[in-house]
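S.K.: Sequence:
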Amino acid sequence: MKALLLWPLMPNSFWSYQETLNLAGLRATNPPLGLITVAALLPSDWEIRFVDRNVRLETASDWEWCDLVIISAMIIQKKDFQPTFRTLSVTTSQKRKGRESKYLSRGVSWRQAAGN
1 MKALLLWPLM PNSFWSYQET LNLAGLRATN PPLGLITVAA LLPSDWEIRF VDRNVRLETA
61 SDWEWCDLVI ISAMIIQKKD FQPTFRTLSV TTSQKRKGRE SKYLSRGVSW RQAAGN
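Residue 116 is where the sequence shown ends in my numbering, and the numbering goes up by one at each step.
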């Protein structure tokens, strides 16, 4: 199984510390520990590809490569993950290379935000 783990863009706000990041020459304040924990809990024979959209965007080859997409997000990241969720909903309903991709999302706020 090939799992693509996605962390959405953090919008420029008080909580993103954008000015501090600019001064320090960094792109993100902290790693998404939830996704890293999920990666550690996945079976050891799975292939894992992690994409922090604050550092780089996923590519078409990332989408083609994966069997499973796992997204972890906070409500503040809604503007970035909502279009991604819609793309996944369309993509996962289509057969690619004779197989179907799956996605995993959890949490009440995720389901509410993805639908709004």
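Read the hints as simulated data drawn from the structure, not as lab findings. Certain hints may be false.
As the list claims (entries may be wrong) - Restraint-style ranges between C-beta atoms, simulated for each label pair:
| no. | residue 1 | residue 2 | range |
| --- | --- | --- | --- |
| 1 | 22 | 46 | 34 to 42 Å |
| 2 | 16 | 59 | 20 to 28 Å |
| 3 | 22 | 79 | 34 to 42 Å |
| 4 | 67 | 24 | 32 to 40 Å |
Claimed, not checked - List of simulated lysine to any residue pairs, SDA-like, C-alpha gap at most 25 Å:
| no. | residue 1 | residue 2 |
| --- | --- | --- |
| 5 | 79 | 43 |
| 6 | 79 | 1 |
| 7 | 78 | 9 |
| 8 | 78 | 33 |
| 9 | 79 | 35 |
Computed from a predicted structure; not experimentally measured. Glycine residues also receive a C-beta, built at the ideal position from the N, C-alpha and C atoms.
S.K.: For every hint, state whether the structure bears it out.
M.R.: Verification of the supplied hints:
no. : hint                   : in the structure
1   : 22 with 46: 34 to 42 Å : 36 Å, holds
2   : 16 with 59: 20 to 28 Å : 24 Å, holds
3   : 22 with 79: 34 to 42 Å : 21 Å, violated
4   : 67 with 24: 32 to 40 Å : 37 Å, holds
5   : 79 with 43             : 31 Å, violated
6   : 79 with 1              : 29 Å, violated
7   : 78 with 9              : 9 Å, holds
8   : 78 with 33             : 18 Å, holds
9   : 79 with 35             : 19 Å, holds
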